[in-house]
Amino acid sequence: MSRKRNKLEIIKDILEVIKNRNGKIKPTHILYKSNLSHQMMEQYINELKIKEMIKEGKIGNGKTYFITDKGIQYLSQYRMISSFTQSFGLEE
Amino acid sequence: MRYSYLIPEWFFGFDIGMEILFAIIAFSVALIAFKINDVTKERKIKLFGIAFLLISLSYVVLGALNFWFVNLASEGFRMVDINEVQLIGVISLYLFMILFVGGLVTIAYITCDACKGKTYYLIFGLSLMVIAASLYKLVTFRILSTFLFSFIAYHYFEEFLKNKNRNAFWTLIAFALLFMGSVNFILSPVYYWFYIIGHLFELSAYLIILAILIRSVKK
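Protein chains in written order, with the working numbering: chain A, 1027 to 1118; chain B, 125 to 343.
I should point out that these hints are in silico values taken from the structure, not numbers from a laboratory.
Keep in mind the model is a prediction, meaning the values are calculated, not measured.
Any given hint could be a false lead.
[Claimed, not checked] Pairwise CB distance ranges (calculated): (1) W192/B to D1039/A: 47 to 57 Å; (2) D1039/A to L250/B: 38 to 48 Å; (3) W192/B to Q1099/A: 24 to 34 Å; (4) K288/B to K1059/A: 24 to 34 Å; (5) E1068/A to L246/B: 49 to 59 Å; (6) G1049/A to F158/B: 22 to 32 Å; (7) V341/B to F1092/A: 25 to 35 Å.
[To be verified] Once the Cα atoms are required to be at most 25 Å apart in a straight line, the calculated DSS-like pairs of lysine-lysine come out as: (8) K165/B to K1081/A; (9) K1033/A to K261/B; (10) K1038/A to K242/B; (11) K1030/A to K286/B; (12) K165/B to K1096/A; (13) K1096/A to K342/B; (14) K165/B to K343/B; (15) K165/B to K1033/A; (16) K342/B to K1075/A.
[Unchecked claim] Anything over 12 Å on all C-beta distances counts as not near chain A; from chain B, calculated: (17) Y127; (18) I148; (19) A298.
Virtual Cβ for every residue (Gly too), placed ideally from N, Cα, C.
Generate the whole structure from the sequences, applying the supplied hints.
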């Protein structure tokens, strides 16, 4: 059985999914790839928008999410963030 | 209020040097926490940074106190002596205690998942009131710090049991050493060796924290 992911890890997984699809993705794809319930995904998407790691836009008729520079920065610093938060018990 | 303790002549300067080193290490932890908070915007990380910033400032004030308010006591000993007459000394001593307790209460608050903002004010307010109402303020402050360190160390013990992570283990050791250092500081007015041993425990703890920090930043 795989262990439960913490919040920072889930954020990393969502951002990675977006980045791996050329920086833009439709909500349904996030749902497939991030292994979250719809409700949880909505919560995370909202949080990521507030934190300006992703932004919402439209391609054609569909809603699309784009990764921002802040999101890219999060991914590039993730190992350090993860190590620091794990060491000092700051995970959620 | 009168506050005094003896420092062996040979140790004078080492203690201040160590306090400055502790301040630098605590400040580095705060700086990295703020840098991470810039990206993650996580409240816990921001509070952790604030906690270590307060602790860092408290060591700067303590170092200054130990430097400015020291007199020759007797052969081979210096004495830090602060009383009501030295207003700056008294204010600095209070400032040191408020900053240090503020830092520890903030870390304790972070470790308590069920705690809300109000709880923070309650713990911090009660801690300051206990010190303010005490006749022996510094001893009370040391006992309170020891209690807070024991609470934090226990939290990291639980974290270690949960994660079995090497860094979590070293963080537990660091806070356990800070707890032991704090116990020694309670006893330091009784015998000067406790003052030295307390500093050595703190030194070991902060060097471990520095090593954890370097490991994290290198990743």
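Quick rundown of the hints versus the structure:
1. As the Cβ distance of W192/B to D1039/A is approximately 54 Å, the hint placing it in 47 to 57 Å holds.
2. Against the hinted window of 38 to 48 Å, the Cβ-Cβ separation of D1039/A and L250/B comes to about 42 Å, which satisfies the hint.
3. Distance hint check for W192/B and Q1099/A: the Cβ-Cβ separation is about 44 Å, which falls outside the suggested range of 24 to 34 Å.
4. Checked against the hint of 24 to 34 Å, the C-beta distance between K288/B and K1059/A comes to roughly 29 Å, which is consistent with it.
5. The hinted range of 49 to 59 Å is not satisfied by E1068/A and L246/B, whose Cβ atoms lie roughly 34 Å apart.
6. One distance hint, 22 to 32 Å for the beta-carbon pair G1049/A and F158/B, holds here, with the actual separation near 28 Å.
7. Taking the beta carbon of each, V341/B and F1092/A are about 30 Å apart, inside 25 to 35 Å as hinted.
8. For the suggested pair K165/B and K1081/A, the alpha carbons sit about 16 Å apart, so the restraint of at most 25 Å is met.
9. Restraint check: the Cα-Cα separation between K1033/A and K261/B comes to about 42 Å, which exceeds 25 Å; the hinted pair is violated.
10. For the proposed pair K1038/A and K242/B, the alpha carbon gap of about 32 Å is over 25 Å, so the pair is violated.
11. Straight-line distance between C-alpha atoms of K1030/A and K286/B comes to about 12 Å, which keeps the hinted pair within the 25 Å bound.
12. At roughly 11 Å between alpha-carbon atoms, K165/B and K1096/A fall within 25 Å of each other, so this suggested pair holds.
13. Restraint check: the Cα-Cα separation between K1096/A and K342/B comes to about 20 Å, which is no more than 25 Å; the hinted pair holds.
14. Of the supplied pair hints, the one linking K165/B and K343/B holds, its CA atoms being roughly 20 Å apart against a limit of 25 Å.
15. The hinted pair formed by K165/B and K1033/A meets the criterion: a straight-line CA distance of about 12 Å does not exceed 25 Å.
16. At most 25 Å may separate the alpha-carbon atoms for a hinted pair to count; K342/B and K1075/A exceed this at roughly 29 Å.
17. No beta-carbon of chain A is positioned within 12 Å of the beta-carbon of Y127/B; the least distance is around 32 Å.
18. At roughly 18 Å from the closest C-beta of chain A, the C-beta of I148/B stays outside 12 Å, upholding its exclusion from the interface.
19. Distance to chain A contradicts A298/B as a non-interface residue, since its nearest Cβ pair spans about 10 Å, not more than 12 Å.
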